[in-house]
Every structure is written in C-alpha cells, then in structure tokens.
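Read off the chains here:
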Amino acid sequence: MQSVVCLKVVPRPEEVRVDLETKTLNRSGVRSVINPADLSALEMALALRDQHGGRVTVLSMGPPSFEPYLRVAIAVGADDAVLLSDREFGGADTLATSYTLSEGVRTVGGVDLVLCGDESSDGGTSQVPQGIAEWLGCSQATYVDRVERTSEGMLRVRRVLEDGTETLELPFPAVVSVLGGTGEPRFIDYDRWAMAQQATVRVIDAATLGADPKYLGLKGSPTVVAGLREVRKPGRRHEVVMLEPEAAAARLAQELRRLGLVTDKGSPAST
Amino acid sequence: MSDIGGVWVYAERRMGSVRPVSLEILGRARGVADGLGARLVAVTVGGGESAVHDLARYGADEVVAVEEPSLQRYDTRLYTDLLEREVRSANPSVLLLGATRDGQDLAGRLAVRLRTGLTAHVTSLEVDPEQRLIGWVPGFGGGIEAGIVCPTHRPAIVTVRPGVFSMPTPGPSASEVRWVRPTLEPSDFGSRQVSFVPKGAGVDLTRSDVLVVGGRGTGGDFDRLQKLAHRLGGEVGATRVATDSGWVDRERMIGQTGVVTHPKVAVILGASGAVQFTVGIEKAGFVIAVNRDPDAPIFDSADLGLVGDLGPIVDRLVEELGES
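As given, the protein sequences belong to chains A and B, one line each in that order.
Those letters in the first sequence? Residues 1 to 271, by the working numbering.
Those letters in the second sequence? Residues 1001 to 1324, by the working numbering.
Any given hint could be a false lead.
Below, in silico cross-link-like pairs of lysine-lysine (DSSO-like), each with a Cα-Cα straight-line distance of 30 Å or less [unchecked claim]:
id : chain 1 : residue 1 : chain 2 : residue 2
1  : B       : K1264     : B       : K1283
2  : A       : K233      : B       : K1199
3  : B       : K1227     : B       : K1283
4  : B       : K1199     : B       : K1227
5  : A       : K233      : B       : K1264
Source of the hints: derived by calculation from the structure; they are not laboratory data.
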C-alpha cells in the first residue's frame, strides 16, 4: 500500500507573541514542532505498512527550513519525504493549500491512501484533508481513530462523532483525517537517525510541480484578511495572588462558597 | 433571485431533529440576512417534516428540504452532490454550517467543489458598511483576531462551533417550504455504513454550570480534577494539549475548535491561556485560574488567579470541601 502522510510544521503556541502595536505575530526565535495530530496520522500509516507492506511518503508545504522536520519523520519510519517549497505557495488559504498538497500527492504517484491530522494546533481550520480529497476526486473519511484494509480490498475506518462511532467502508484511493490523540506515535529510531540525516528530501517548486498557477498561494485564495483587532475580553477582576498551597486552597474554598457552589454542610448546591 | 443572493444555513440533524448548533446559527443569520438585505434560507437533507417544522419556527424565510428515504445517513459524496446542485441553482452569497464532525466533513469538501472560500470556526459575524460579511477568527498566540472576508467568490462558506451564538426563541411558522425529491442510485453513495455505535448520553459542556478545566500543567493527572468537578457538581474540560496528549476525550476540549462554554464558574488548572482556548471560557460568569507561571496569559482572562502548583492546591481544596 502506497501512503502519503501530510505533515504541517507549526510553531509552539506558547512561544508566539503578538505585537499589539503592529498587530503582527512575532515568531522570531519561536521553536516549531510537527503538528501533533499529524504524528498520529504518521503512526497509522506506519502501522498499515507494517501489516501490508508498501511505502510511506511524508509530504509538507513550507520553506526549506522545514526539511529537518521531514528528516525526523524519516527517522521515525517514513520511507521518503517531499517538501513543496516556493514563494508562489505562500499566503495560501484552505482552497489553495489543499490544491497544492493534492498536486504533491499526484507527483508522488500511485497513492492509495493519504493520511492527515484532523486539524493543526495553530488555529487549524480542520478543512484541508477534505479539500485534498475533493481535488483528487477520491473517497474521504474524517475524524478517524481506526483504519484497516479489508480482505475485499476496501478501506474500513471508524469515525468518532459527537454521539457515537460509525464504521464505514469506502473504496481506495482515499483521504483520511486522523483524530488527534489517536495511537501512541513511535519514538525516533536511532538506528535510522544517521540514515535520515543523509536521506534526500525531494524539494519541489511551483514550476516542477506543474500545477495551475491560478490556484496557488495568495492569488488562489478566495478568503482575505480584511482587518485585525484586539480580542474584546470581558471585564474580569484580575486579582492574582501567590499563596502557599494550604492558604491557596482555603482562599479557593472561600470563593467557591461565596459563589454558592458549595455549602458548609458539604453538598453541592449548584445542582 | 436578486443579485444579493440569499444567506443559507445548512441545518444538520440527528435523526429527525435539527441540531441545536444549526438553530443557533439560524438565529444569528437572521441578523446577517437583514444586514445584507437578503433572504434567509435553511436547507436540510433527509430531515423530513419534523426538521422542516423546527426550522420554520426559527426565522427562515424559506426552507429547502431535500428528501428521499435513503438520505437518513450522512454520506460525504451524496450530500456534497446534493448541496452543490442546490447552491449552484440558487447562487447564495453566504452558506453557514455548524462545525460539527459531519458539518466540517461536508464544508471542506463542498468549498473545494464550488472553488470558493471557507472561514472556519468564526466567533462572531458582522456585516460591514460595504455590505460584506466578516467572520472573526481568533488569531494565533493571543490577543488579536482576524476578520476574514470572501469578496470575489460565492458563496462565502463559514463554519461556527456549537455554543458561539445563543439559542434563539422560536416564533410562529413563517417559512415557505420547497421540497426537493432527488432520484438516487446506489452508486451515488461514497461509503457504506457497516455499523453505528451510539455513545449514550455523552457530555455537553455547553450545559454545565461548573467546569474544572485542565491543561498542560496537569501533567495528565485528571483524577484530581474529576474529584473536584464531582464535588462541585460540574464537568471536567480540557485544553487542546490535554486532549491531543490523550489525557481526556476530545469531546471535552474547550476553545475555538472545541466547545464554547458559558458556565457560571470555570476553574482553570495549568492552562497557559492561548486565545484559541480562552475564547471558549469568555462567557463564563467567574473564572478562577491556577498556574505556576505568574506571567501566564491565563491570568488576563481570570477574575481570581492563584500562582502555585495545582497538585497540592487542588488536593487540599478537595480535602477542605469535604465529601459530598
């Protein structure tokens, strides 16, 4: 089975600071990580390969500085890596991003299954996997925590929904979005680490990709940022105190009683 | 059909009844439609008379009901095809969907099918003086939000999480109803449902008066949070880090891509306070935060902040409150 796993490199959210003067994000010096849900997708692809054979290619879109992250994925177990990198791809919204990635999948060729994390941690839209599926004209299943290939050669997935789980069968090729937190991503294989450093990451620019330029990047993005503003936060008391655990607990208990959540008799009063 | 184009709301249902999030959106969309001088249209697939009846009481000028017995189950391919047909023929300016699992499955696919723009997880909607619909989305890292427009493509597709808009009050039925009855073939379905296992009641954090919410700083120990929540008669919620780490079920995730809650009291333990999270507790009556870092942004969203280690503080608190 030939799989592609889409990986997004995201900044660690706790390290990004906003410059309120300029209303821009200050990402300098911010460390990045592979989006956690995408690692769940990678693990799922590797488990399928362990079972059925085939190859796992990791695919990402971004600047050349993303290469080391793809090498990490190779060290974890991916067979090869493709990085779509060109200024033409920049400023892409979900329509353009899903188009560019779908063209990357076409370039890999002969792909049975595309696995993505269900959303990215940097304010993700959760819409790119569905978009890739539509551009490729193939099956899709979202918010999946289990995949298998049936003996009849169908894809069987379990989708986790608000009020239950549904098991679906779909034909290949397919795009699956994997629920974040699914499975336990395997550790970097240190025997593979040196090999991964030497491995070739295929870097593909817009011209090589041969995609339709009108769907790429900023000009291929129908949504536009019309403005930025400070989030209007509700008025809060903003009382911050530093107390020893005992005193802190007493203070909290006092506050919870004041709010009527507990009575001194020791039974919840709110329900 | 005027050039303005209608404001459409996709009314998702579970069995015969419309999901609350769709009614919440319909309530807000009434104002959007009025602002744009447009008609408000609710579209439902496979909902039957009961869904139409519900929708007609929540302010839609028109209900489009696509009906066929085999439309009971959501199927990506079939629903995308059916909605594409309706949207192309009516050419609405806006299409709003609830950001449920199936709603997002559909929105992402349909947006690319129609080659149009999608704004996900808005926390407010405005019509600006140029008669454009602006969807506000919290920005990255904290403090700012971005207003997104879709100026040159139709429809602007927008998704909204449950709880963002309040539930409107139903009125008298005042909608025109248009029934659409497609003829379907087995090959129109993209998938076959092997089984559906209902989860039982599930948890609905939007209805809880008290929330005890844990983040990275809990280190994954949610037992003590559970104890405290139980003692306070509330529910446990979590940040993305906690759900992504598998510490807590995803349905308990609070924030922009989780649930927007409005409890009377929220106790936030070991969460740094990224804006994607804090939008989910903004509507809380009173917010208590415990964090080891005195500079943690969560204190900007709190009425009462305690700087310290949450483990000993919560354990002592549970002791102090006694058994329930």
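Against the structure, the hints:
Using a Cα cut-off of 30 Å, the hinted pair K1264(B) and K1283(B) holds, with the two alpha carbons roughly 9 Å apart. A C-alpha spacing of about 35 Å is found between K233(A) and K1199(B), which places the hinted pair above 30 Å, so the restraint is violated. Note on K1227(B) and K1283(B): the hinted pairing holds, with a Cα-Cα distance of about 24 Å set against a maximum of 30 Å. Annotation: proposed proximity of K1199(B) to K1227(B) holds, straight-line Cα distance about 23 Å (limit 30 Å).
For the proposed pair K233(A) and K1264(B), the alpha carbon gap of about 17 Å is at most 30 Å, so the pair holds.
Consistency note: the structure conflicts with earlier hint 2 alone.
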